[in-house]
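Mind assembling these two chains? They're in different frames, but the hints should get you there.
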Amino acid sequence: MSYDAYLEGEPVIITAALTGGIHGKEANPNLPETPEEIGRAAGAAADAGAAVVHLHARADNGERSFSTDRFEAIDEAVRRHADDVVIQHSTGGTGVPAEQRAQPLRTDPPPEMASLDMGPLNRYEYLTSENTRGLVDALQAEMRDRGIKPELEVFNDGHLNEVHGLLDRRDLAAPVYATLIFGGGTLTPPRPRNLLNAVDNLPDGALFNTLGFGRHQLPLTTMGILLGGHVRVGLEDNVYYRRGELADSNAQLVERTARIAEELGRPVATPSQARKILGL
Amino acid sequence: MGCPYLDYRSEADGTEFDAERAYCEAAGRFVQPMRADICTDRHDIDHAEHCEIYREHEGPE
Ligand code: SF4
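If you read the protein sequences in the order shown, they are chains W and Y.
Per the working numbering, the very first residue in the first sequence carries number 1; after that it's consecutive.
Per the working numbering, the very first residue in the second sequence carries number 1; after that it's consecutive.
Where hints are given, some of them may not hold.
Computed footprint of chain Y on chain W; a stretch qualifies when at least three of its residues, placed anywhere within it, have a C-beta under 8 Å from a C-beta of chain Y [stated by the list, open to error]:
id, region
1, 22 to 33
2, 125 to 136
3, 255 to 269
None of these hints come from the bench; they were simulated from the model.
Cβ atoms here follow ideal geometry from the backbone N, Cα and C, with glycine treated the same way.
Isolated chain Y (complex conformation) (with noise of 0.2 Å):
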């Protein structure tokens, strides 16, 4: 179902991409593609369990 914390777009800050591209709201930047997967619950990453920053943004459990 992928992170809450997910937005797609195209641009922000001044930086501007053709295409929408994985934006993380608790970071306030555009995230690696590869960290994208782990937005995405992409194969088999959950992002509840392997990003560090939705851990900490959402406090200890």
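One chain only, chain W, in its complex shape (with noise of 0.2 Å):
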């Protein structure tokens, strides 16, 4: 993916981070939580011109949850409002035994995607997602079997290696697709040079979706847009409209997003473009 994917006018994904695992209401009363919520949020987002919903699973007070059952039950509560969008499940989880992390996995029917986090990073003072290359290739073999894609989250440069070694040791079906990260902490620092650094620095052939914490969301999906690629927003990644404004739904992160690609030239996809770009 280039520049040239820009010049073109390629259709851009959005994916629409609906809930996450870190925060809740208690940080944007409008974060849904609930599986009726988190699909009432997937319809509006999807209305929006999100391609691609990225969930997790929470208990009714917002607490992770890892359970096959539940993001079953998220499933069919998001294909009742948006029946064509693609789902996407998370397989993080900070301080969670392997087995549970790979029960998103095993939901029936299986998710077109789910994420792999490509390796460690910290949360707050005393935790490491440790995230090893032994979970990393045991979560990729079991999304083969099952027909799922992944998609690669680089969390930082150093994740960027670990995809190269990733697709060393293992078989992925092209086209692969990474999510280039940035933020604070153990994320790449949240400058447009280092987003062109991971660009130049993916695989041959990779496409790839920006992803930018807080106020870095805005200028770095702008960004990844103009540089060719793909987006993902939402209340996961950030929970404010614009400085001191909390956003509305995940639905308005994805309209502004939306209205940005198609001013710069590039159409959103629909799900079944997504499908067809992403190789699903």
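Encoded structure:
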């Protein structure tokens, strides 16, 4: 993917990260947590232009859940409100045993996509999500067996090496799809030149998605559109619409991104276009 | 067994929720859902080891 993809006006896939597993309604009361809330948010996000929804599961009090049943309940609600959107489950989970990390892959039907964290990252002062190569390979093997496309989550530049290593160790169906992530802590520092550098270091033929946390969501996703990539927005990554103003909804963030993409000459991909681009 | 500072509340400081949520009495605020896994010693996590708020509150070892 390249600037040429921008010049040629190739469709941009918008992924809506609706809920996440770190903050919840205590950060923004509009963040959906229950299956029905997530389903409704998916419907509104899809109407606004999201082709993919990235899902985590939660208990009714907002706390993290990894259970297959809970993911199935969420998927069922999503399907009621957005019957064509591509469903992507998270397999992330700081401090959670490997067996539980695989639970989101075991829904019936399986998700079309699932996230695959490319390496370690720190959380708070004393926790690390280790994401060992052994765990990455085990999750990728289960995804392959169940026909699930991995979305490779690149939290920092070291994880770019891990993407190349994963491709050396394992067979991944083309096109490889990597999300380049920018923010504080263990993440790549959120600066424009670092997005350019990350794109330059992707494997040949890889497609990329841009994710910027907090106030970096808008500028870096806009830059990702110009660089011919795809983008992820939503309340998981950013609870504000602009400085000091909480976002009303995931759809509000998707609408803005869709508007920018169209203005920049890249049409917003429908779910069926996204399936074709991603090889689903 | 969980952290002794953990409480479940549906209201505090003018903020209300439909379901009771994890509230930290040491910090005086609702905690993030991910942090609630520390407060409840869920999975492989232990509040005494993994929560900086608890460790600060309990003082130097
Ligand atoms: S945030 Fe820390 S101190 Fe507060 S209840 Fe949770 S574990 Fe205990």
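**Asked** Are 3 or more residues of the region 255 to 269 of chain W near chain Y, judged by a Cβ distance of less than 8 Å?
**Response** violated (count 0)
**Message:** Under 8 Å between beta-carbons, do enough residues of the region 125 to 136 of chain W, three at least, approach chain Y for the coverage claim to hold?
**Reply:** The restraint on the region 125 to 136 of chain W holds, since 3 of its residues have a Cβ under 8 Å from chain Y and three suffice.
**Message:** Tell me whether the statement that chain Y covers the region 22 to 33 of chain W is true, taking a Cβ distance below 8 Å and needing three residues at minimum.
**Reply:** holds (count 6)
Hint compliance for this structure: hint 3 is the single one not met.
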